[in-house]
Amino acid sequence: MTKESTKWIIVFILLSASTVLFKNHLYVLIYASFFAIFAMSWSFFTSFSGYLNLGHVIFIGIAGYTTAIFNYHLNFPMILSMPIGVIAGAGGGWLLLNPLHRKISGLSFEMVTFLGILVLSDLVLTSYLRPITGADLGISPIDSLLSSFPLIIGLNLFMCISGYLFVRFLNSKHGKVLDFARKNTDLVKTAGLDPHKYSGLCLLYSGIVGAIGGVLYIHFSGSAGVSNTFSLSFQIHMIVMAIIGGRFSMFGSIFGAYFVILLEEYLRGVVGGPVENMIIYSIGFCVYFFSPEGLFPKITGLKKKLIG
Amino acid sequence: MTILEVKNIDKLFPGVKALKDVSMTIEKGEIRGLIGPNGSGKTTMIRTILGFYKQDKGDILYEGESLFKDDIWTRVNKGLSLTYQTPTYVSGLSIYRHIELGTIAKNIPGKRIYEIAEEVGLADNVNKDPSELTALSAKKLEIAKALSTNPQLLMLDEIFAGLSFEEGEQMIDMLKNLNKEKDMTILLIDHNLRMVKKMVNKTTVINMGVVIAEGSFDEIIEDEEVRKAYLG
Numbered sequence: 016m017t018k019e020s021t022k023w024i025i026v027f028i029l030l031s032a033s034t035v036l037f038k039n040h041l042y043v044l045i046y047a048s049f050f051a052i053f054a055m056s057w058s059f060f061t062s063f064s065g066y067l068n069l070g071h072v073i074f075i076g077i078a079g080y081t082t083a084i085f086n087y088h089l090n091f092p093m094i095l096s097m098p099i100g101v102i103a104g105a106g107g108g109w110l111l112l113n114p115l116h117r118k119i120s121g122l123s124f125e126m127v128t129f130l131g132i133l134v135l136s137d138l139v140l141t142s143y144l145r146p147i148t149g150a151d152l153g154i155s156p157i158d159s160l161l162s163s164f165p166l167i168i169g170l171n172l173f174m175c176i177s178g179y180l181f182v183r184f185l186n187s188k189h190g191k192v193l194d195f196a197r198k199n200t201d202l203v204k205t206a207g208l209d210p211h212k213y214s215g216l217c218l219l220y221s222g223i224v225g226a227i228g229g230v231l232y233i234h235f236s237g238s239a240g241v242s243n244t245f246s247l248s249f250q251i252h253m254i255v256m257a258i259i260g261g262r263f264s265m266f267g268s269i270f271g272a273y274f275v276i277l278l279e280e281y282l283r284g285v286v287g288g289p290v291e292n293m294i295i296y297s298i299g300f301c302v303y304f305f306s307p308e309g310l311f312p313k314i315t316g317l318k319k320k321l322i323g
Numbered sequence: 582m583t584i585l586e587v588k589n590i591d592k593l594f595p596g597v598k599a600l601k602d603v604s605m606t607i608e609k610g611e612i613r614g615l616i617g618p619n620g621s622g623k624t625t626m627i628r629t630i631l632g633f634y635k636q637d638k639g640d641i642l643y644e645g646e647s648l649f650k651d652d653i654w655t656r657v658n659k660g661l662s663l664t665y666q667t668p669t670y671v672s673g674l675s676i677y678r679h680i681e682l683g684t685i686a687k688n689i690p691g692k693r694i695y696e697i698a699e700e701v702g703l704a705d706n707v708n709k710d711p712s713e714l715t716a717l718s719a720k721k722l723e724i725a726k727a728l729s730t731n732p733q734l735l736m737l738d739e740i741f742a743g744l745s746f747e748e749g750e751q752m753i754d755m756l757k758n759l760n761k762e763k764d765m766t767i768l769l770i771d772h773n774l775r776m777v778k779k780m781v782n783k784t785t786v787i788n789m790g791v792v793i794a795e796g797s798f799d800e801i802i803e804d805e806e807v808r809k810a811y812l813g
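Quick note, the sequences are listed as chains U and B, same order.
In the working numbering, each number is its position in the first sequence, counted from 1, plus 15.
In the working numbering, each number is its position in the second sequence, counted from 1, plus 581.
Hints were generated in silico from the structure; no laboratory data involved.
For every residue, glycine included, the Cβ atom is placed at its ideal position computed from N, Cα and C.
Check before you lean on any hint, since a few could be wrong.
Using 25 Å as the maximum straight-line C-alpha spacing, the simulated SDA-like pairs for lysine to any residue come out as follows [as the list claims (entries may be wrong)]: (1) U:Lys22 to U:Thr200; (2) B:Lys650 to U:Leu172; (3) U:Lys318 to B:Arg693; (4) U:Lys18 to U:Gly169; (5) B:Lys635 to U:Lys188.
What the simulated footprint calls covered on chain U by chain B, stretch by stretch (three residues with Cβ under 8 Å from a Cβ of chain B suffice, anywhere in the stretch; the number is not a length) [as the list claims (entries may be wrong)]: (6) 240 to 247; (7) 250 to 257.
Simulated restraints, written as ranges between beta carbons of each label pair [said to hold, decoys possible]: (8) U:Lys313 to B:Phe633: 35 to 43 Å; (9) U:Lys118 to B:Glu586: 54 to 62 Å; (10) B:Ser712 to U:Phe263: 19 to 27 Å; (11) B:Pro595 to U:Tyr281: 39 to 47 Å; (12) U:Lys118 to B:Lys757: 21 to 29 Å; (13) B:Glu750 to U:Thr17: 58 to 66 Å.
The shape of chain U in the complex, shown without the other chains (with noise of 0.2 Å):
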């Protein structure tokens, strides 16, 4: 067994122990360990290929409506409906994103990706889509994951897998390609190689991880709308988790993951909606500001430092 094998090993035995431990908040982690897929997902392209993605919602989204449109309107059982709804988001999001990331690259690409969730978040709203996609009602209700242990100890299980398999795509030569495209693509090129297959496969990777997450999210929340799926402060919420938590590092985005949306459950309590997204963006802001590297690697640095 390999040291990072243990590492996600450990990961996964104690996210489970807390979910035993907090058993009457079972339903919070649940989002947390969602967030966290999304928040790693996201990170993988965005952090190791140098391409800001603002529309990762788009893997989320289409996943989620495929997977709904099929378990509403043609009543496929959840169990076809979201294999569905997987190939469609990944494989849509990824002939979506791919021929753009080709093309344009740096403030571009951001811009288009971001302008891209907009499209979309519009399109699903419009009149002509109502009979399809419910418009602003969304698509309700449909066939539900409930909130249970088995839910949130697969959740994990598969958050643990797909981080471990980031982290071997990461060390493998097309890492290594990574690596060098994401300083200098000239380099990559003149040593025979297209920079762009390499971020392609990472975003494919990340498509995947993505829609997966989707589809089960939009399953465990019994409705497909734009808020869970399009949505633009859907995708700021994770960008915001993996900053905080450290976006060069997967576990640095459950991290932040857990750390955003435990905090979101404490102030919900004390202050209430407008002000709580304020302390957490505040938050993302001060840390991005201070220490762009993100808490975990500062709190793991400590760590080392403490017991040497």
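Start from chain U and add chain B according to the hints.
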């Protein structure tokens, strides 16, 4: 046997015609010099050959096949390679990693990385960061990176720039050795005519995007138009 044939190429940038109807033929195993004053189009020429720029007219043939539709990486995998005028590397990634990058596309075994480091004289530095290297070693890293792709035609952009006379001599020995032992064709672009003279079989002179002379070094240096281009 002809390895590279540049046929009547033009390259235009906004407001500037950088290359005008340029033609050049390089034979396999040759060491060719490409010289000319600053801004004459030498770097544009090799960057067009490798595919950084697409020519607006004409064609470039490598081993008889047009490169027009090929991306940079495809050209590199066919056997072309280049070194950068300014040593180009990523700080924080070791010299080993830089050489390894070029071996990935062709699945060249890992032991070759150490062989290349040995060939260029960087064997003791493979774990170092490139930013720690001296000017000569940084140039050697450029050669090592190029060698890692297993090239047949190596294009060297100002490889002697920033090197002392002794360092230049060392570099010449290494390059001549590569040419002889690996039958590697070399296209050398440089301002240092003394070094160019010591290396090349044949020289092409370019000025304001136009080839003005071609022949042995001694011939072209006596050419009236070449003298005018250099001395005004």
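Against the structure, the hints come out as follows:
no., hint, result
1, U:Lys22 to U:Thr200, "violated (32 Å)"
2, B:Lys650 to U:Leu172, "violated (46 Å)"
3, U:Lys318 to B:Arg693, "violated (40 Å)"
4, U:Lys18 to U:Gly169, "holds (23 Å)"
5, B:Lys635 to U:Lys188, "violated (30 Å)"
6, 240 to 247, "violated (count 0)"
7, 250 to 257, "violated (count 0)"
8, U:Lys313 to B:Phe633: 35 to 43 Å, "holds (41 Å)"
9, U:Lys118 to B:Glu586: 54 to 62 Å, "violated (32 Å)"
10, B:Ser712 to U:Phe263: 19 to 27 Å, "holds (21 Å)"
11, B:Pro595 to U:Tyr281: 39 to 47 Å, "violated (58 Å)"
12, U:Lys118 to B:Lys757: 21 to 29 Å, "violated (43 Å)"
13, B:Glu750 to U:Thr17: 58 to 66 Å, "violated (49 Å)"
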